[in-house]
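S.K.: In order, the protein sequences belong to chains A and B.
Each residue of the first sequence is one higher than the last, beginning at 1 in this note's numbering.
Each residue of the second sequence is one higher than the last, beginning at 582 in this note's numbering.
In silico DSBU-like pairs for lysine-lysine, Cα to Cα no more than 30 Å straight-line: (1) A/385 / B/607; (2) A/502 / B/673; (3) A/33 / A/295; (4) A/561 / A/127; (5) A/175 / B/673; (6) B/673 / A/534.
FYI, nobody ran anything at the bench for these hints, they're computed from the structure.
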Amino acid sequence: MAQPTVAAPDLAARFPEMVTPDTRKGYSGYIVKAEALLDFAKALKEEFGYDYLSSVTGVDYLPQGLMEVVYHAYKITGGPPLVFKVQVPRDNPVVPSVTSIWPGANFQEREAWDLLGIRFEGHPNLKRILLWEGFWGHPLRKDWREPYYEGEHKPFKSRTAGPHFWHEDHNPFGKNVDYPPGFDPYTWEPETADQILYESVIQRTRKPEQEELHSEQVVVNLGPQHPSTHGVFRMIATLDGETVVALEPVMGYLHRNHEKIGERNTWIMNIPYTDRLDYITAMSNNFGYVLAVEKLMGLEPPERAQYLRVIMAELTRIVNHLWAIGFLLNDLGAFFTPALYAIEERELILDVFEAASGSRMMNNYMRFGGVVRDIPEDAWDMLVKLVHDRLPRKIDELDRFLTHNELIKSRTQGVGVLTPEQAIALSTSGPVLRASGVPYDVRRAEPYGIYDRFDFDVAVRYHGDVYDRYLIRLDEARQSLRILQQAVRDIPERGAPILAGKPQYQVRVPAGEAYGRVEGPKGELGFYVVSTGKANPWRYHVRAPSFINLTALEAMSIGNKVADLVVILGSIDIVLGEVDR
Amino acid sequence: MDGRGILQGLAVTLKHFIASYVDDFKRKNRYFSEEGVKYRSSPEVEGIFTIQYPEERRLLHENFRYIPFLVYDEGENGQQDIRCTACGICAKVCPAQCIWIVRAKDPNTGRPVSKPAEFYIDTFLCMNCGLCAEFCPFDAIIMDHDYEVAMYERADSVFDLKRLLKSAAYYQDIRPTQYAEKAAEREAKAKAKAARRGARK
Numbered sequence: 001m002a003q004p005t006v007a008a009p010d011l012a013a014r015f016p017e018m019v020t021p022d023t024r025k026g027y028s029g030y031i032v033k034a035e036a037l038l039d040f041a042k043a044l045k046e047e048f049g050y051d052y053l054s055s056v057t058g059v060d061y062l063p064q065g066l067m068e069v070v071y072h073a074y075k076i077t078g079g080p081p082l083v084f085k086v087q088v089p090r091d092n093p094v095v096p097s098v099t100s101i102w103p104g105a106n107f108q109e110r111e112a113w114d115l116l117g118i119r120f121e122g123h124p125n126l127k128r129i130l131l132w133e134g135f136w137g138h139p140l141r142k143d144w145r146e147p148y149y150e151g152e153h154k155p156f157k158s159r160t161a162g163p164h165f166w167h168e169d170h171n172p173f174g175k176n177v178d179y180p181p182g183f184d185p186y187t188w189e190p191e192t193a194d195q196i197l198y199e200s201v202i203q204r205t206r207k208p209e210q211e212e213l214h215s216e217q218v219v220v221n222l223g224p225q226h227p228s229t230h231g232v233f234r235m236i237a238t239l240d241g242e243t244v245v246a247l248e249p250v251m252g253y254l255h256r257n258h259e260k261i262g263e264r265n266t267w268i269m270n271i272p273y274t275d276r277l278d279y280i281t282a283m284s285n286n287f288g289y290v291l292a293v294e295k296l297m298g299l300e301p302p303e304r305a306q307y308l309r310v311i312m313a314e315l316t317r318i319v320n321h322l323w324a325i326g327f328l329l330n331d332l333g334a335f336f337t338p339a340l341y342a343i344e345e346r347e348l349i350l351d352v353f354e355a356a357s358g359s360r361m362m363n364n365y366m367r368f369g370g371v372v373r374d375i376p377e378d379a380w381d382m383l384v385k386l387v388h389d390r391l392p393r394k395i396d397e398l399d400r401f402l403t404h405n406e407l408i409k410s411r412t413q414g415v416g417v418l419t420p421e422q423a424i425a426l427s428t429s430g431p432v433l434r435a436s437g438v439p440y441d442v443r444r445a446e447p448y449g450i451y452d453r454f455d456f457d458v459a460v461r462y463h464g465d466v467y468d469r470y471l472i473r474l475d476e477a478r479q480s481l482r483i484l485q486q487a488v489r490d491i492p493e494r495g496a497p498i499l500a501g502k503p504q505y506q507v508r509v510p511a512g513e514a515y516g517r518v519e520g521p522k523g524e525l526g527f528y529v530v531s532t533g534k535a536n537p538w539r540y541h542v543r544a545p546s547f548i549n550l551t552a553l554e555a556m557s558i559g560n561k562v563a564d565l566v567v568i569l570g571s572i573d574i575v576l577g578e579v580d581r
Numbered sequence: 582m583d584g585r586g587i588l589q590g591l592a593v594t595l596k597h598f599i600a601s602y603v604d605d606f607k608r609k610n611r612y613f614s615e616e617g618v619k620y621r622s623s624p625e626v627e628g629i630f631t632i633q634y635p636e637e638r639r640l641l642h643e644n645f646r647y648i649p650f651l652v653y654d655e656g657e658n659g660q661q662d663i664r665c666t667a668c669g670i671c672a673k674v675c676p677a678q679c680i681w682i683v684r685a686k687d688p689n690t691g692r693p694v695s696k697p698a699e700f701y702i703d704t705f706l707c708m709n710c711g712l713c714a715e716f717c718p719f720d721a722i723i724m725d726h727d728y729e730v731a732m733y734e735r736a737d738s739v740f741d742l743k744r745l746l747k748s749a750a751y752y753q754d755i756r757p758t759q760y761a762e763k764a765a766e767r768e769a770k771a772k773a774k775a776a777r778r779g780a781r782k
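Take the sequences, apply the hints, and build the full model.
M.R.: Here's what the structure looks like:
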């Protein structure tokens, strides 16, 4: 992807007095006045080609009395991000919504409203997304406290010293939830429960009156407890006959406020927590987080650690794609045979992970400036055998097993189509984006680690349907094998350092902001961290690919039959641990 | 749409089906032996790879980690010399904050000494991340291999000092490489210290 490097446009000159460079120490990008945001965004997209809005999030600067919304926009042809921010007073944070320009901001703005209480004017459906409607307060605000509050930062004094106590003694049932004033869960009755639940869907789908044949639309609730939703996840589908005319995903059932936990943790404590985002791809979650913090710290991991990271991240990608393929077929009704063939290979890769990191899924393998330990020799031998012999063979076998199957083809071809324009506008990433014909891969678009050294192709498919989203995962697994074979060949000899500096549990992170993003198996996984120089992050935000890819679920589903919803959802490949965070 | 794709796929299933029997006949110690378990978790495995727990168990790698334990050295008179000095680094670094330590006091002077009087790990909170063991400067807290910790009472989920203590011999048994490495490190340190002392004299 060799392209002429265009100098960053001088946006401050283009919008005098409305746009100023962000001059805070450790920060970059621009600060835009709220009233000029829409003009600015339009110009960015139409004049400067920043057509892909990757991340929208808020930061609560309590001491300054400011609420800040941070945007990361990219060009779909590659290159570094353009970061811009809008600052509004904390007591009345209102920002114009950019959903009219980048529809992909939809869920992310809802999330910022939900967790930080920033109102986005002009948002089509601004309501809570991760928390329930009756939740009291906005938990990511720095002055929000839970009913049982132990302290602002870990380590909590109450826990580390003194005899053990039971949590529920301090946080008894009945007093462990704060309700809005006047709300009593025992006496409360929903007035029009259906209306509350389905209002937004019904509003958007009311059909014109002059329809000759009177047909009624039916709202069907899929989930939250449904075996095909891969977790606790709900889809409210409006059907006309059997055809989907509108769909709204409802999530948050597994919400634990990962980001608030992350802001109370010290920097290193967050590494094991990232394992639990997308629990199938823990290694690449680790990678994204340490990358973001290393940017702030200015650390460069030694060679061997770089290679180990790439090896682990690519193995994770294979694990994830095998798993996704196996379970996609499960959704189609091919009950567990393909899934178990895929899981057999996954088991062997997890054995390598276990030998290196100590755990099969919750790896906690990477550290700031390297990895925690070298991969043992027996596991290395196994890895080489897997990479050169077994995995290529088994991926081919899976291909032979499924790709030409007529039943699969007839169920998936032309189903759940997402056009490239939609895919970019809705901020999808990873296999979903590439299956729609957009060859965008962070490993190529903005190489991190040592990915610029490897020879591999960005897999791309052009139909944007479920079948292509299946095929692209096979393609990507093969490309990952190519990278792995090169990494296994080129890695420096055992004994080379694997960590920059000494292992330490209290790292010094200079003040500033950083956005680290990796091409995770599910899509672009980004970590936005803000440090104030203290032992804990001031802001820790996860740009979760599964979550944002769900923005496109409605676009994929409209016009399809209700029976295909399950496989369309399966083809996005979500993990609820990451969606709900 | 002539069904050839389906047949091709079914051939793969058939191959797997046959392989599972052929392999059973070909290999003698395929089941209920260490060798068999090893084979079934190696890259060469064909056919059935399930491990028949609890009759068979997976062979754990040395680095496998589960809920930590505390190491004691066997003293000359058979007493337990606890390595832990109650410095509290593990409790500070623990992401789940599941470690509680009470320092011991000298019975004569009443001053705190560097030994734990009580030590608790709430195993329902512990996330097995291994950071405590990683940053322990005394090699005193080690991640265990014993993953069968089911219990009848909820109160048993909090491991106290007595439940946590395991001998250095056990440590050496489950993690021989790490044990040797750390012992060598300690020895080198002690030597350097002695040398420095010698130089000062």
